[in-house]
Amino acid sequence: MTAAEDGAFQVDAYLDQLLGAGAPRPRDLATDDELDAELERTVGLVHRALARFHPSFAFEERLAVRLRGDADAPFAGDVLDFRVVPFAAPTAAERRARGLLVGGAIASGVSIASVSLAGAAILVRRRARPQLRASRLRHRAEVSL
Amino acid sequence: MFEKGRDRDAARPIPFDADRPAVEAARRDPRRFEALYRKYVAQIYSYALYETRDHHAAEDLTEQVFLNALRALPRFREGGLDEGSTFRVWLFRIARNALSNARRTERRHPQAPLELAAQVAAADDPARSAVERDEVARAWRAIERLPQERRRALVLRFVEEMSAREIGAVLGRTEGAVRVLIHRALRSVAEDLGHEEAAERRHWWSR
Numbered sequence: 001m002t003a004a005e006d007g008a009f010q011v012d013a014y015l016d017q018l019l020g021a022g023a024p025r026p027r028d029l030a031t032d033d034e035l036d037a038e039l040e041r042t043v044g045l046v047h048r049a050l051a052r053f054h055p056s057f058a059f060e061e062r063l064a065v066r067l068r069g070d071a072d073a074p075f076a077g078d079v080l081d082f083r084v085v086p087f088a089a090p091t092a093a094e095r096r097a098r099g100l101l102v103g104g105a106i107a108s109g110v111s112i113a114s115v116s117l118a119g120a121a122i123l124v125r126r127r128a129r130p131q132l133r134a135s136r137l138r139h140r141a142e143v144s145l
Numbered sequence: 001m002f003e004k005g006r007d008r009d010a011a012r013p014i015p016f017d018a019d020r021p022a023v024e025a026a027r028r029d030p031r032r033f034e035a036l037y038r039k040y041v042a043q044i045y046s047y048a049l050y051e052t053r054d055h056h057a058a059e060d061l062t063e064q065v066f067l068n069a070l071r072a073l074p075r076f077r078e079g080g081l082d083e084g085s086t087f088r089v090w091l092f093r094i095a096r097n098a099l100s101n102a103r104r105t106e107r108r109h110p111q112a113p114l115e116l117a118a119q120v121a122a123a124d125d126p127a128r129s130a131v132e133r134d135e136v137a138r139a140w141r142a143i144e145r146l147p148q149e150r151r152r153a154l155v156l157r158f159v160e161e162m163s164a165r166e167i168g169a170v171l172g173r174t175e176g177a178v179r180v181l182i183h184r185a186l187r188s189v190a191e192d193l194g195h196e197e198a199a200e201r202r203h204w205w206s207r
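From first to last, the protein sequence lines stand for chains A and B.
Everything in the first sequence is counted per my numbering, starting at 1 for the first residue and increasing by one.
Everything in the second sequence is counted per my numbering, starting at 1 for the first residue and increasing by one.
Source of the hints: derived by calculation from the structure; they are not laboratory data.
Where is the CB? At the ideal position from N, CA and C, for every residue including glycine.
It is possible that part of the hints are untrue.
[Stated by the list, open to error] Using 20 Å as the maximum straight-line C-alpha spacing, the simulated EDC-like pairs for lysine to aspartate or glutamate come out as follows: (1) B:Lys39 - A:Glu60; (2) B:Lys39 - B:Glu24; (3) B:Lys39 - B:Glu78; (4) B:Lys39 - A:Glu142; (5) B:Lys39 - B:Glu59; (6) B:Lys39 - A:Glu61; (7) B:Lys39 - B:Asp17; (8) B:Lys39 - B:Glu161; (9) B:Lys39 - B:Asp60.
[Stated by the list, open to error] Listed below are several chain B residues computed to face chain A (Cβ distance under 8 Å; list not exhaustive): (10) Pro30; (11) Tyr37; (12) Phe76; (13) Ile143; (14) Leu146; (15) Ala164; (16) Gly176; (17) Arg179; (18) Leu193; (19) Trp204.
Starting from the given sequences, assemble the full structure and let the hints guide the process.
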């Protein structure tokens with residue numbers, strides 16, 4: 001062990017006693033860890049100069065609330081990779097070929113109007129020809145016999 | 001008997017991590033992390049303040065450290081200081097990494113002196129003598145002039161009250177290297193104080 005390491009060890013032992021840091025030393029090991037007067041005075045001054053600071057109460061509480069929120073929902077605040085499909089306006093041909101979704105989302109006011117008009121036309125036709133349903137039922141009965 | 005060197009190191013037991021029960025509880029229920037947060041918030045904030053020298057930056061860094069720690073807690077592996085980490089050492093490693101990242105992205109280092117000496121002297125004891133306040137202020141100036149790694153080691157030793165072994169685990173150095181680093185830092189401060197006092201005496205006599 002060099003002289004520098006030896007001195008460093010002595011200072012470390014002195015600081016352990018002063019600060020109470022580190023693992024407890026066996027009794028027979030910690031003994032005459034004395035420093036020269038100049039270094040001892042410096043240690044005292046540095047100890048007084050280097051104080052621990054506490055954050056403001058407002059900050060501490062605000063962060064505590066944020067941590068509580070994160071603890072309740074661990075993934076809250078994480079950005080998810082959401083795939084965005086680029087939108088392209090349908091062509092006239094696509095618009096004609098596209099089926100209607102009824103009972104779920106309705107695409108537009110035009111669709112609602114066209115569905116309503118078609119429904120009304122069928123209803124009018126059925127009411128105007130009540131015998132049509134009876135003849136259809138009779139035909140089915142004959143085929144099944 | 002006074003044993004020296006490696007023999008004495010070997011005789012020292014590996015410390016038990018006092019935070020183990022709290023860490024286990026937080027692993028089971030992340031809401032229990034608050035106990036660890038309350039215990040270490042001032043330590044991390046102080047470390048960040050000494051490094052960044054700015055209250056707002058220190059708050060930002062403290063927030064980042066604890067949010068990262070909460071998210072990474074399931075991956076934390078405790079071990080002896082030689083092989084792994086205690087919770088406190090792990091937390092300070094997160095702080096050190098966060099500081100490095102912040103400095104990488106933000107080239108502008110705060111070069112202003114850490115003007116906290118007056119606050120320390122005033123807050124500590126209002127009745128403290130002017131001479132003593134001057135001494136503390138001089139010690140501050142000497143600490144300010146230290147190379148960064150020496151100053152960091154002093155802060156971890158005196159402010160955070162870490163052992164040389166813990167500091168080594170945080171800074172990625174051996175325990176012996178940390179002891180030498182601290183010893184040299186204190187010698188530098190002592191010399192600096194001596195020079196300053198001698199200059200003041202010369203100034204006094206020349207008047």
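key: Numbered hints the structure breaks, given as an ascending list   = 4, 12, 14 and 19
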